[in-house]
Each structure stands twice: as structure tokens, then as C-alpha cells.
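Chain by chain, the residues run as shown.
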Amino acid sequence: MHFIRGLKRYYFEIIMITPLLLLIFVLTVLPILRNIILSFQHISGSGFSLSNYKHLLLDVGFRRAFLNTVFIALVSLALEIGMGFILALIFSSGLRGIRWIKPIFILPLAIPTVVVGVIMSYLFSSSGWINRILTDVSLIDSPIYWMSGGFKSLLMIALADCWKVTPIVMLIFLSGLESIDRNLYRSARIDGANNFYIFRRITLPMLTPFITAAVIIRGIDAFRIFALPLILMGQNLKVIGTYAYLEYVEYNNAYLSAASSVILLMMIMAAVIIYIKVVGKRGMAAV
Amino acid sequence: MRQFCIFGILILLGLLLLFPLYVMLKISMSSPSDIFSSHPSYLIRDFTLGHFSNVFSSGSNFLYPLKKSLITASLASLAALLFSVPAAYAISKFNYRIRYILIIAIFITRMIPEVSIALPVAIAFIKIGLFDTVAGLVMAHLIRILPVSCFILVGVFSGFPEELEKQARIDGCSRMRAITKVVLPLSLGGITVAGIFSFLLSWDEFIFASYLCLARPTMPLKMYYYISRGDLFYSSTYAVIITLPVLLLSFIFQRYIRPGYLSGAIKG
Chain U
0 MHFIRGLKRY YFEIIMITPL LLLIFVLTVL PILRNIILSF QHISGSGFSL
50 SNYKHLLLDV GFRRAFLNTV FIALVSLALE IGMGFILALI FSSGLRGIRW
100 IKPIFILPLA IPTVVVGVIM SYLFSSSGWI NRILTDVSLI DSPIYWMSGG
150 FKSLLMIALA DCWKVTPIVM LIFLSGLESI DRNLYRSARI DGANNFYIFR
200 RITLPMLTPF ITAAVIIRGI DAFRIFALPL ILMGQNLKVI GTYAYLEYVE
250 YNNAYLSAAS SVILLMMIMA AVIIYIKVVG KRGMAAV
Chain S
0 MRQFCIFGIL ILLGLLLLFP LYVMLKISMS SPSDIFSSHP SYLIRDFTLG
50 HFSNVFSSGS NFLYPLKKSL ITASLASLAA LLFSVPAAYA ISKFNYRIRY
100 ILIIAIFITR MIPEVSIALP VAIAFIKIGL FDTVAGLVMA HLIRILPVSC
150 FILVGVFSGF PEELEKQARI DGCSRMRAIT KVVLPLSLGG ITVAGIFSFL
200 LSWDEFIFAS YLCLARPTMP LKMYYYISRG DLFYSSTYAV IITLPVLLLS
250 FIFQRYIRPG YLSGAIKG
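Here the protein sequences come in this chain order: U and S.
For what it's worth, numbering that gives the first Met the number 0 labels the leading residue of the first sequence as 0, then goes sequentially.
For what it's worth, numbering that gives the first Met the number 0 labels the leading residue of the second sequence as 0, then goes sequentially.
So that you can see chain S by itself, here it is in the shape it has in the complex (with noise of 0.2 Å):
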């Protein structure tokens, strides 16, 4: 009796939970008439994919952004992968004391608040005429990226056994070349992981962005000017549009990154 109760509450707080995302693919998919009647329905009454066609026919005030967000994003993890592998490498490497204060330090970065890193790299990039610019994002974006796959990494790193290393080295390799050979290949699922997570960091970014784009939007940008123009249906698209692939990959890939990456980190 007692579990049934429990599972009672659990279900409709389920429910609850589930209800915000209801709402927006609700109102993304109802005709006008379903949400500004006067007491609009729990159910979608009457379904059109009207507001996708919409935008996705809305040329290059849909693609430009798309094309923006796509491309930094892509940008953007791979540079990430590229300072983070050796450098979460090497953290694994040291010995406990080094590793925690690497660790910390890392950690400390992630403690800044965006606005405070924001605006003198916005002001910096005006100068330097970065403003604007896929590079200038990929760089802003970086500073949210780095401290988040590289302790992905360390994780995946520390979990490698020392032993195949250890072998590759007697059967002769320099330590790079048992890092590419070894190391690197059966690592490719923990990389990969880290690179999609990395992905999705920059595809949502959205503090960045607010400083260092003005006349090129990115999506999440695109969408915060339909909601403050108090447009519901694009802002509704575009918010599923944003979502579905952060939802898809981030449940695909979940079980493979441990929630308690940190907390371990700092209890040591």
C-alpha cells in the first residue's frame, strides 16, 4: 500500500515535470485559434506543423543563425578537444597532490561569473575586430567548454589501464607514439563523448553570445528576440528546434558521464 502511494506521487509529479516540455511542443504545433481562444484547451486541438514550415521557409533569417550556431559549435569542440586530450592527459598523469590542485584550479574558472569574463573580451574583440565573428564566439565559447571536458576526460583517462601503456613502452614506442597508437584509439568512445558534450555547451551558449553578437545572431539569440517581441509560435519552434538535438544527445550519451565527476574530484 505504502509503495503504491508512493508511486502515485511519483507518477503525477512525472507528470508535472513533463509538463512544461508539453506545453512548448504544444503551442509549437497548435493553429492561432487552439492557444488565443479564451479558454484554451489541455489537449492540442488542432494540430498543424504550420509554424515549422514557417520558419524553416523563412530563408536566411532561419539559415544564417542555423548555419552560425552550427559551425561554432562544430569549431568550438574540436578546439576543445584539441587543448583538453593532452592537457587531461597529462593531469592524469601527475601525482595526487599535483592533480588536485590542477583539478581545483580548473574548477575555480568555472566559478567566475560569465558577465565579468564577458565584457572585457567583448570590449577586447572590438578592438580587435573579433566582434561579430564565428572565431570570436569559438574562443568566448571556449572559456565555458575547456573546465567541463577536460574533467570528462581526466575521467576517462584516469580509467585507463596503466598496464597496456606500460606494455607498449618495453615493446619499444616513444611515449607519443603510445599515446597515439594505445592510449588515443581505446580512449575514441570517452573523446567522442567528451567532443558531443562539448558540442552542446556551445550549441545553447547564450550569455556569450548576448555580448558578442550583434547583426549575426545565433539560435539561442534568435529565439530570445522572438520572445521578448512576445512571439509565441516562433519562439516556440525555434525553442524545439534548439532542444531536440540537446535532448536526443544528452540521453543517448548520459550514462556514460558520472554525476559525481566532480564531487569525487573534491573529495580527492
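Bound conformation, chain U alone (with noise of 0.2 Å):
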């Protein structure tokens, strides 16, 4: 009963939305389904088979691919959210000028990724720029290997990821710096509070929900990290998206990518559901 007015009242709007969300559904649902199941077949026959995912857990590729994906996912958002906070402290306490050094720091999100990635091949090389800096400022004495692989190169990742997206964080949280109540900073301090203690009580609470976005929407796209890693590093270091597209483009085994991809999907899910719980509970323990 309940259903059919509400298909009376909105049945306009209804007509209105369904070609999206049949595109959507041909676009993104269809090959999701597609994906999953062609992770269950094996190359030889077309039967129901754990085959992929068993050879996946016994490959060493793999779990490397699996602990980069994890080890640059956590180092680049913890740097992007502690970074992207302090910036947007510093650009919401109003010095004076201040808005004229801002777009610099928001340049390097309307960068491409691919562009990016490229960029900091520049950098990194052995011969490259960053060593030349380092060098010059003496603070090593030979050039650095950034691309040789192992814990070097994951650091590489990680800081290239966090110049493109650092600003991505910082805008997040600007827009909840701004939507604070400034009287409600102002009547804090007429009772007294100290700066601390603003911060801890007022704005850190309020700023609450946006953390929970910037972490979320960030934290996807850090485990799905794929450009950067391709283009950088290649067959040499790889994280599960690029292991799921070498797998297709250079061995031709759709299946074992496929299966790749989906232990990616449930990664990124568990994510967001862990994180959900966690901050929900602290969330409200706030309120």
C-alpha cells in the first residue's frame, strides 16, 4: 500500500531516474556480477571452481601485491589526513593574505593522475630530481635507488600519491572548518576555555563527520591505487590492481585477474565497514 503511493506520487520522477540506473545497471552491476563469476571458473573448463583464489593465496606475487596494496594505502591517508588537517588549520585561522597562497596549494588536484604519475618518474629516477636536492642541501651523500624496489619504492608511491591528493583532504576539511558556528568559539572563550580546549571539545566533535568522509572516500581510492604503481614501478613492484591487469594484459589469464580484482573489492568493503563500526560507536560516545 505504502509502495503503490508512493509510486502514485513520485511516478514522474520515476521515469525520470530509470534510464540512469538501467545504465548503471548494464555498466557497473552486470560486469561486477561477470567478474565474480568468472573468478569462480578455471581456464580449463567452465565448472564451479576455487582453483583462482587458491593459487592466488599460495603465489608469493600475490600476498607482496596484497601487503603493498595495505602497507601504501595506510602510509599515504595517515600522511594526506594529518597534512590535510594542518592545512586546513592554517587556512581557516584568517591570517591576513593567506588566501593568496592558497591556490597553490590546491593546484595539484586538476593535475591527471597519468600526468602525475609520469611527473614523478622525473623525480625519482636515480638521476633525478629529488636525489639532485637532497644532494645539493647535503643531506645524503649518493643518490637514493627510489625505484629499486622494497620499502624505497612503497615511500615513493605513498608521497606521490599524497601530492596529488593532500589537497583533495584539505578542501574536505576546510568546508567543515567553515561550517562551525563562529559563536560558538566565541562563547566557549567567554567561559574561559583555552585553545586546547576549544579544539578538543569544539571543533575536533564537529569536525567528526567530515574525517569520516575524508577517510572513506580517500581510503577507497587508496586501495585502488593503480596508475601511479604502473606507471613508476611496473612488473618490478606491484599493488593487487596492477597484479589484476598484468595478469590479463601480459599473461592473458582473465580468470586469476578476475578473481584478483575481487579479493580488491572485498578488501575495499571490509575497509569501509570496520571503519564505519568503529567511528559510529566513537561518534556517538562523543555526542
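Just so you know, the hints here were simulated from the structure itself, not pulled from any lab data.
C-beta atoms are modelled at their ideal positions from N, C-alpha and C, and glycine is treated no differently.
Hints are supplied without guarantee of correctness; some may be wrong.
List time: in silico DSSO-like cross-link candidates among lysine-lysine, alpha-carbon distance up to 30 Å [said to hold, decoys possible]:
hint : chain 1 : residue 1 : chain 2 : residue 2
1    : S       : LYS126    : S       : LYS66
2    : S       : LYS180    : U       : LYS7
3    : S       : LYS180    : S       : LYS165
4    : S       : LYS92     : U       : LYS7
5    : U       : LYS53     : S       : LYS126
6    : S       : LYS165    : S       : LYS92
7    : S       : LYS180    : S       : LYS92
8    : U       : LYS7      : S       : LYS165
Computed footprint of chain U on chain S; a stretch qualifies when at least three of its residues, placed anywhere within it, have a C-beta under 8 Å from a C-beta of chain U [to be verified]:
hint : region
9    : 83 to 91
10   : 111 to 120
Some chain S residues well away from chain U (every beta-carbon gap over 12 Å; in silico) [as the list claims (entries may be wrong)]:
hint : residue
11   : ARG44
12   : ASP45
13   : VAL54
14   : SER56
15   : ASN60
16   : SER73
17   : THR132
18   : VAL133
19   : GLY158
20   : ALA167
21   : ILE190
22   : GLY194
Build the complex from these two chains, which are given one at a time in their own frames, with help from the hints.
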């Protein structure tokens, strides 16, 4: 009954939105289902099989790609949230003339990710500009081989991601800070609260939904990272995204590729759900 | 004094942030001897536009990717508007609960890693002959564009004064007429902005393109080809050509984009 009333009331809106929903169904939902089915098939037969997942779990290369993805996601997310937060606090402080500097800090946002990958390869190559600057200010004696794999390369990818993404985080926090009523600060000050107390009791709780939004939006993208590791490291250091891509393009194994991308999807969903659960509780405690 | 310190740090940090872009420009405008010397200088010593004229005069090698990227981006942004304008209008009219569910549902499609959509799409397109075609790439790019253009447009239509639309209805317009004669003309600015951002999202797209193109690459793929061959000058020149329109247009139109549109949607 309720449903039919809704249909009558919104029939016009439903007609307007149906094409989009159909398109999203055909271009996103169907492919995902197809991808999941693919991941349970094997090259040799068409029956149900877990062999792709078994292969991946036993494959050292995939386990390394898994750890690389988690490491890059955590490091870049921590750096981006931290720096974005500090920058947002500085830019919302209302210092005179500060709005002239702000565009510089938003600029990287407008650089396409592929281009960021290309630029970072100029900067981080062994004869590149990062090494050049570090030697010129005599922080290092011999060049650092950023692209030689291992920890240094993971850090390089996280830093490259940071350069591009911190502006978005900063903008989300800025809009959060601007949404806080100035009168709250004023009355807290009249009541004799100090800066730290105001920050902990007003700014932080009011910002919580924005922090949640930033962590979720950026966290999802951090797990999906693709262009930067592909351009900077290619075959030499894989994350799950590039592992899935190379498995299909280089080794022509669509089934393994599908299985690894399903694992990536599960990781993202798990991370989002866990985060919402944890923050949801703490958010309630703050209220 | 403290203020002075903060400014100093900010300006230093700003210069560091700009440095990568400067390096891109510098490589694309320096002669090879300037870059490959054992101790290259920070400034552009030997300025040249030779790399650009090389790229522009490389004929179909440059023109085909450029054409494919431009056509794909134009068609993709038009198609995106065609689907998301009515949908976003409808979303802005639903009651709070349905609106919330729809926005979250569209947001969830953004959560899916591209690699897990691109693979089955590529396999299907090979079967039905859309692989390596403009039409196929346009459809794939819609996957990326639609959520974003929807979010922008929901913002546009939610901010539209309801009184105006009601007035048109009272004066005897049908709902469709009220939309085409009142709502759309007055929202043209916001719709244009959504179209421009849709264009840019297709113009610099890389993942779907790398699954769906082979003999006929787009501009980002061509740049990837050069950088993986280690060609500094061609890759940096392509990088500049790809980046310039994105940079200019985003800066002109960035104030129309509310950065909190997603967080606002989540907060409800």
C-alpha cells in the first residue's frame, strides 16, 4: 500500500531516473557479477572452481602485492589526513593575505593522475631531481635508488599519491571548519576555555563527520591505486590493481585477474565497514 | 613574528609543491644537452620549443590520439548529461529517505575498483566488436563520469528555488514544460559546469582506456607509451598538452564545485 502510494506520488521522478539506473545496472552491476563468476571459473573448464583463489593465496607475488597495497594505503592515508588537517587549520585561521597562497595548495588536485605518475618518474629516478635536491642541501652523499623496489619504492608511491591527493582532503576539512558556528568559539572563550580545550571539545567533534567522509573517500581510492604504481614501477612492484591488470594484459589470464580484483573489492568493503563500525561508536560517545 | 614564520613555511612548502610541475615544463622546453648534462641546472638554460613542434608535426602519430581523446570526451560528456540531468532532477525531488538511499547507492558504484569492471567489459566488448572503438570507450567512461556528474547536478537542482517552478505550474505549465522552460534554462550554468567536468574526467582517463584500446590509443595512453620507452621529451610534452586544458578549466570553474558535496551527502 505504502509502496503504491509512493509510485503514484513519484511516477514522474521514477520515469526520469530509470534510464540512469538502467545504464548503471548494465555498465556496473552486470560487469561486477560477470567478474565474480569469472573468478570462480578455471581456464580449462567452465564448472565452479576455487582454483584461482587457491593459486593466488599460494602465490608469493600476489601476497606481496596484497601487503604492498595495504602498506601504501595506510601510509598515504595517514600522511594525507594529517597534512590535510594541518593545512586546513592554517588556511581557516584567517591570517591576512593567506588566501593568495591557497590556490598553490589546491593546484595538484587539477593534475591528471597519469601525468602525476610521469612527473614523479622524472623526480624519483636515480639521477632525478629529488636526489639532486637532497645532495645539494647535503642530506645525502650518494643517490637513493627509489625505484629499486622494497620499502623505498613503496614510500615513493605513497609520497607521489600524497602530492596529488592532500588538496582534496584539505578542501573537505576546510568546508567542515567553515560549517562550525563562530559563536560557539566566542561563547567558549567567554566561559574561559583555552585553545586546546576548544579544539578538543568543539572543533574535533564538529569535524568528525567530515573526517569520516575524508577517510572513507580517500581510503577507497588508496586501495584502488593503479596508475602511479603502474607508471613508476610496472612489473617490478605490483599492487593488487596492477597485479590484476598485468595478469590479464601480459599473461592473458582473465580468470586469475578476475579473482584478484574480487579480493580487492572485498578488501575495500571490509575496510569501509570496519571503519564505519569503529567511528560510529566513537561518534556516539562524543555526543 | 609567529605570523611571519607561518608565511615563510607556507611559501617554502608552496614552492616545493610547485616544483614537480616546474620540472615537467622544464623538460618539455629544454634542449637535450641541458637535461642530459651530468649536473643539470635548476633553471632552463637552453630554451627550446623544438619538442612541441616535433610532437605537433608528427602527423597521425599525434593527431589520431588527439582526435580520439577529443571525440570520446565530447560524446561521453554529452551522454553523461543526457542521463544524469533528468536523474539528478528526480533525485532532488524525492523525499529525504529515498534521496539518501539513491545517493549512497550511486556512491557505492564509485567504491568498486575499476580493474574489476574493466576486465568483464573488455571481454564483452571484444565479443560484440566494441573493442578499440570510440563508442566502446565512451560507454566505459560513463562508468567513471556518471556518479560525479550526478553529484554535481543534484547540488545544482537542490539549490533551485522551488517557488519559481511552482509559479510556472500555477500558470498552467505541465511538469515537463516547467522543467524545459524554467528549471533547465535557469540552471544552465550548473549544467555546463557538470558537462565540463565530465569532459575532463574522460579526457585524462587511463584505466578503462588501457583495457579497451590497442591500435588506436588515447592521449594518456600515448604518453604512457612514451614514458615506458623512457622518452623524456615526448612524454613531458604530452604531459603538458594533457594537463593544460585540465588545469585551466578546473581553475576557472572550481568555485562552482562544492568540495563538501560528498560529505554533505553522507551527513544527510
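So, going through the hints one by one against the coordinates:
| no. | hint | verdict |
| --- | --- | --- |
| 1 | S:LYS126 <-> S:LYS66 | 25 Å, holds |
| 2 | S:LYS180 <-> U:LYS7 | 24 Å, holds |
| 3 | S:LYS180 <-> S:LYS165 | 13 Å, holds |
| 4 | S:LYS92 <-> U:LYS7 | 14 Å, holds |
| 5 | U:LYS53 <-> S:LYS126 | 29 Å, holds |
| 6 | S:LYS165 <-> S:LYS92 | 13 Å, holds |
| 7 | S:LYS180 <-> S:LYS92 | 18 Å, holds |
| 8 | U:LYS7 <-> S:LYS165 | 19 Å, holds |
| 9 | 83 to 91 | holds (count 6) |
| 10 | 111 to 120 | holds (count 9) |
| 11 | ARG44 | 15 Å, holds |
| 12 | ASP45 | 17 Å, holds |
| 13 | VAL54 | 14 Å, holds |
| 14 | SER56 | 22 Å, holds |
| 15 | ASN60 | 18 Å, holds |
| 16 | SER73 | 17 Å, holds |
| 17 | THR132 | 16 Å, holds |
| 18 | VAL133 | 16 Å, holds |
| 19 | GLY158 | 15 Å, holds |
| 20 | ALA167 | 15 Å, holds |
| 21 | ILE190 | 15 Å, holds |
| 22 | GLY194 | 16 Å, holds |
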